[in-house]
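So the chains spell out like this:
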Amino acid sequence: MSAIAFARRGGSKLALLAGLWLALVVGLVIAAPAILQPFMATTVLQFSTILALVSLGQTMVVLGGGAGIDLSLGGNVSLTSVLAMALVRAGGPAALLPLFCIGIGALLGGVNGFLVTRIRLLPLIATLATLFIYGGLAVALTGGLSISGVPPWLTPLGRGSVSGVPIHFLVIALPTFALGALILTQTAWGRWIYAMGHNERSARLVGVDVDGVRLTLYAVSGLLAGLAALVSLAWFGSARPNIGQNLELDSLAAILLGGVSISGGAGGVGGVLAAVLLIETLKTGLQFVNINSIWQVGIVGALLIVVLLADHLPNRRTS
Amino acid sequence: MSTSSTSDLARAVKRGFRSVIGGRELTLLAACLGAAVIFTLLSRNFLTVANLTVVARNCVELLLVGLGMTLVITMGGIDISLGMTVGIAAIAIGNLLTAGFDPLLAAIAGPLVGGALGLVTASVIVLGRIPAIVGTLGLLGVYRAAIYLMLGGQWISGLSPELGQLLNGRIAWIFPVNFAVIAGAYAAAFLMLRRMPFGLHLLAIGAAEEKARLSGVKVRRTRFLAYVMSGFLAGLAASFYVGTYRNVEMTIGGTLVLDAVAASVLGGTSILGGRASLSGTILGVVLIRLLQNGFTLIGVPSLWQSVVTGILLILVLSLENVDLLRGSRTREIAV
Amino acid sequence: MLTLKRKTTIASIVAIIALSTVARAADKPRVAFVPEIIGIPYFNSMEAGGKKAAQAFGVDFIYTGPVDGNPVDQLQIVQNLVNQGVQAISVAVLDASALAPVIEQAKAKGLKMYTSDSDAPDSGRIVFVAQATDDGLASTLLDELVKRVGPDAKIGFVTGDATATNLNTWIKLIQQRAAEKYPKVALLAPQFAGSSSDRAAQLASDLMVANPDLKGLIAVASSTCPGVGQAIETAGKIGQVIGTGYCSPNTGKSYIKSGAFGFTVLWDPGALGYLDVWAGKQLIDGKPFAASNVVPGMDKPVAYDSAKKILLLGDPTVFTKENVDKFNF
Numbered sequence: 001m002s003a004i005a006f007a008r009r010g011g012s013k014l015a016l017l018a019g020l021w022l023a024l025v026v027g028l029v030i031a032a033p034a035i036l037q038p039f040m041a042t043t044v045l046q047f048s049t050i051l052a053l054v055s056l057g058q059t060m061v062v063l064g065g066g067a068g069i070d071l072s073l074g075g076n077v078s079l080t081s082v083l084a085m086a087l088v089r090a091g092g093p094a095a096l097l098p099l100f101c102i103g104i105g106a107l108l109g110g111v112n113g114f115l116v117t118r119i120r121l122l123p124l125i126a127t128l129a130t131l132f133i134y135g136g137l138a139v140a141l142t143g144g145l146s147i148s149g150v151p152p153w154l155t156p157l158g159r160g161s162v163s164g165v166p167i168h169f170l171v172i173a174l175p176t177f178a179l180g181a182l183i184l185t186q187t188a189w190g191r192w193i194y195a196m197g198h199n200e201r202s203a204r205l206v207g208v209d210v211d212g213v214r215l216t217l218y219a220v221s222g223l224l225a226g227l228a229a230l231v232s233l234a235w236f237g238s239a240r241p242n243i244g245q246n247l248e249l250d251s252l253a254a255i256l257l258g259g260v261s262i263s264g265g266a267g268g269v270g271g272v273l274a275a276v277l278l279i280e281t282l283k284t285g286l287q288f289v290n291i292n293s294i295w296q297v298g299i300v301g302a303l304l305i306v307v308l309l310a311d312h313l314p315n316r317r318t319s
Numbered sequence: 001m002s003t004s005s006t007s008d009l010a011r012a013v014k015r016g017f018r019s020v021i022g023g024r025e026l027t028l029l030a031a032c033l034g035a036a037v038i039f040t041l042l043s044r045n046f047l048t049v050a051n052l053t054v055v056a057r058n059c060v061e062l063l064l065v066g067l068g069m070t071l072v073i074t075m076g077g078i079d080i081s082l083g084m085t086v087g088i089a090a091i092a093i094g095n096l097l098t099a100g101f102d103p104l105l106a107a108i109a110g111p112l113v114g115g116a117l118g119l120v121t122a123s124v125i126v127l128g129r130i131p132a133i134v135g136t137l138g139l140l141g142v143y144r145a146a147i148y149l150m151l152g153g154q155w156i157s158g159l160s161p162e163l164g165q166l167l168n169g170r171i172a173w174i175f176p177v178n179f180a181v182i183a184g185a186y187a188a189a190f191l192m193l194r195r196m197p198f199g200l201h202l203l204a205i206g207a208a209e210e211k212a213r214l215s216g217v218k219v220r221r222t223r224f225l226a227y228v229m230s231g232f233l234a235g236l237a238a239s240f241y242v243g244t245y246r247n248v249e250m251t252i253g254g255t256l257v258l259d260a261v262a263a264s265v266l267g268g269t270s271i272l273g274g275r276a277s278l279s280g281t282i283l284g285v286v287l288i289r290l291l292q293n294g295f296t297l298i299g300v301p302s303l304w305q306s307v308v309t310g311i312l313l314i315l316v317l318s319l320e321n322v323d324l325l326r327g328s329r330t331r332e333i334a335v
Numbered sequence: 001m002l003t004l005k006r007k008t009t010i011a012s013i014v015a016i017i018a019l020s021t022v023a024r025a026a027d028k029p030r031v032a033f034v035p036e037i038i039g040i041p042y043f044n045s046m047e048a049g050g051k052k053a054a055q056a057f058g059v060d061f062i063y064t065g066p067v068d069g070n071p072v073d074q075l076q077i078v079q080n081l082v083n084q085g086v087q088a089i090s091v092a093v094l095d096a097s098a099l100a101p102v103i104e105q106a107k108a109k110g111l112k113m114y115t116s117d118s119d120a121p122d123s124g125r126i127v128f129v130a131q132a133t134d135d136g137l138a139s140t141l142l143d144e145l146v147k148r149v150g151p152d153a154k155i156g157f158v159t160g161d162a163t164a165t166n167l168n169t170w171i172k173l174i175q176q177r178a179a180e181k182y183p184k185v186a187l188l189a190p191q192f193a194g195s196s197s198d199r200a201a202q203l204a205s206d207l208m209v210a211n212p213d214l215k216g217l218i219a220v221a222s223s224t225c226p227g228v229g230q231a232i233e234t235a236g237k238i239g240q241v242i243g244t245g246y247c248s249p250n251t252g253k254s255y256i257k258s259g260a261f262g263f264t265v266l267w268d269p270g271a272l273g274y275l276d277v278w279a280g281k282q283l284i285d286g287k288p289f290a291a292s293n294v295v296p297g298m299d300k301p302v303a304y305d306s307a308k309k310i311l312l313l314g315d316p317t318v319f320t321k322e323n324v325d326k327f328n329f
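Heads up: the sequence lines are chains A, B and C, in that order.
The first sequence lines up with residues 1 to 319 when you count with my numbering.
The second sequence lines up with residues 1 to 335 when you count with my numbering.
The third sequence lines up with residues 1 to 329 when you count with my numbering.
Chain A extracted, bound-state conformation (with noise of 0.2 Å):
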């Protein structure tokens, strides 16, 4: 596949989510022209933050092929927040905390990396499983309750901004995307996962480390979520051992509208900022004029399959 007809493809999804986008936006300016504030872009980024460092870490195993998904990322966000909490009210250094939860979420990840590529399970399984004993682990090691004591240091990454923008999102999520972008479409690495996505064997064939990757990918998309964690902790003060319920499918949802496939090889990582900025758009605009949070998840279900349709991927499963 020429570089061209992939950037044509990417380029194509992207101007679809920006035309949803506006068409949302208008619609809900008509129907409550109270929520042209400044404050609303801001809540919209605030709750942005989690779900897009989740969707990279997502996008990066799907893009490397080999039917790559991570289906554990919740139960990594919740499992570091708890973990990275209990080692610091244990007697850890406080100052280390952010570094407690890049670690734990990539040892976590890299757990994934490992079953895939040494015990050679498929990741669709691996992930199942790890999602089940992570998210089971950070409930029942807790019994449901939160472990407080977020140093108040980190209280401004969490909640605070810098005209109007978020200054999580402004100092994880943009560099987080912008790397991975630069990674992606500059560096000899984002050759290599776009190889193995495309075409696994022939990726073998030319010399690509194409498990050594793998393993790297899984271990990244958990460093992701370890920044995720941190980034709940400087919010909510707190570890919830149920904060990362769901982000395992809504990650999914996102980088599938996003333009990324679910056989690899094909999609960026613009197209799935747009689609998590979309996505809480949504959600925001709809809990702004009081419509029912259930209708939310019916519309990007229904978004998912009608932008699937429009869009009629070539790749398919193949075995």
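Treat the hints loosely; a few may be bogus.
Said to hold, decoys possible - From the structure, some residues in chain C lie toward chain B, with a derived Cβ separation under 8 Å:
id	residue
1	Ile40
2	Asn168
3	Thr169
4	Ala210
5	Ser254
Think of the hints as simulated: they come from the structure by calculation, not from any bench.
Beta carbons: idealized from backbone N, C-alpha and C, even for Gly.
Keeping the supplied structure of chain A fixed, place chains B and C upon it in accordance with the hints.
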């Protein structure tokens, strides 16, 4: 009897047994028995008729949804909206019962509604040419919203016990209805996979879709039917659910999907398709429910039970992979 | 590309039509209530009560909540209410830390944030509109149960989500009261059923099998009531095991009548919803709460604890075979 004919007999039995149950199923059977032994030793209430009846009763819905999921996975697809299908069918059944219709009618309505929803799922995935995981993810959201709207945010509570008496009762005073229905469903599936062209097509599509199409298999029709069948089974599970629990709430069917996938895969059905193990699915379901029951009996907190399911999944699958890496084993259907 | 553009246009037209049917009157003051989760009868009753009060007191009532017990979802809804400038926002918090991120912002905008049904005492909320004191709820349930099963019985708990603060508080208080008043009662560790009937039934059955001498079963979350009742009936243990819980009379009715449940304890969630909106109106008007308040439309005056800032609906009600038919919620 002379020793030579006994050993002949033994060999014949072993051969027959092997053809019915392969390596993975044996592992699961061993796991079930092992767990049963441990639980019996640790809790004197485990090995009682009352308890085992409870475990068997708890397997009903998962056995049916698991069968549907196995068929879909065998074909190379997946349906993560199946739990919502159970929910919508349950609402239909609940409404019929509340309106005073005959429980038998309500019971039949379940699978019919389920089959109809399977038709919708099939249309989206097969006609819409959307990958199964994507399409069913989208339908999951749509169905969830539909369930809320249909229930109007309420529950359907306090349903009359007649449906339960019908479905959990006995045929001719001896044969439990639920057992008969499940056995019938699995037997039909087994025959279909082993004998009927449709079943072979199902396996072929899962194994190598393009080759199957080139050999003349009506791929679209087969895939269509597979989703309708799994919807039908999910609706049947709904009939049993409503009959047993007499309550229809918004969260119905929530955990069934993941458990069904876990049970199918534990049982030996490959997530890539082309390989099915019905006895494996049954054993997978039994193992999951057995562990849940046993843990409560021996005092393992319920919060840890999902962790155990996850570890189990990894262990069993890793064992086989370690095995596979050592030697090769070809096995198409093991039932 | 044409197809895409056409689809985008259709989508936008549909969106605009759908959303412009939402009318908004911006004149009356607005009071909102955010439940822990939508779609269960308990909170539906609170909504009904709130609507009644809104009509009586001339406010607009907003009822909106998360579709699952996800704290992030609840926070998002509360944040949006703050953004909308809703003057009084009451929340049945999923977790004590749920309000922390927004409470400062609400105060800065002059919006009154308070809790109802489930509290976050240290969050800075202005008042907690309580159905009954947590102590009252715990002791009423335990006392009534011990009355029926005896002071040396074994009792089990089937509760909902491990992350629900109010449920955990009631369990803890029941355990404390048992330790003080009924030392011979054996309370088993709580089992968590999430929000599904079948899991609750499964756990209840397993508990009864694991403990053949079990005499009492408490369904702590209203979502576990049908499952526990059903399990007792299916096991044929009516009379041997007394079930109970914080169940609405409608949900518990068939089990109370069959004998699976000896009684249930609850308050009137409709009255709580009503009181909740009244409280919101009082806060908006800047009227302080007296030690005892007469609320138009309610028969009994409502007490206010100024130290803990709790507005108390009253004592919990015990529903039994005798009175369960008189109620419809």
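Verification of the supplied hints:
1. Using the Cβ-Cβ criterion of 8 Å, the hint placing Ile40/C at the interface with chain B is satisfied: the shortest such distance is roughly 7 Å.
2. With a least beta-carbon distance of about 12 Å to chain B, the hint placing Asn168/C at the interface is violated under the 8 Å criterion.
3. Because the beta carbon of Thr169/C sits about 18 Å from the nearest beta carbon in chain B, more than 8 Å, this interface hint is broken.
4. The interface hint given for Ala210/C holds, since its Cβ lies 4 Å from the closest Cβ of chain B, which is under the 8 Å cut-off.
5. At about 5 Å, the closest approach between the beta carbon of Ser254/C and any beta carbon in chain B falls short of 8 Å, and the interface hint on this residue holds.
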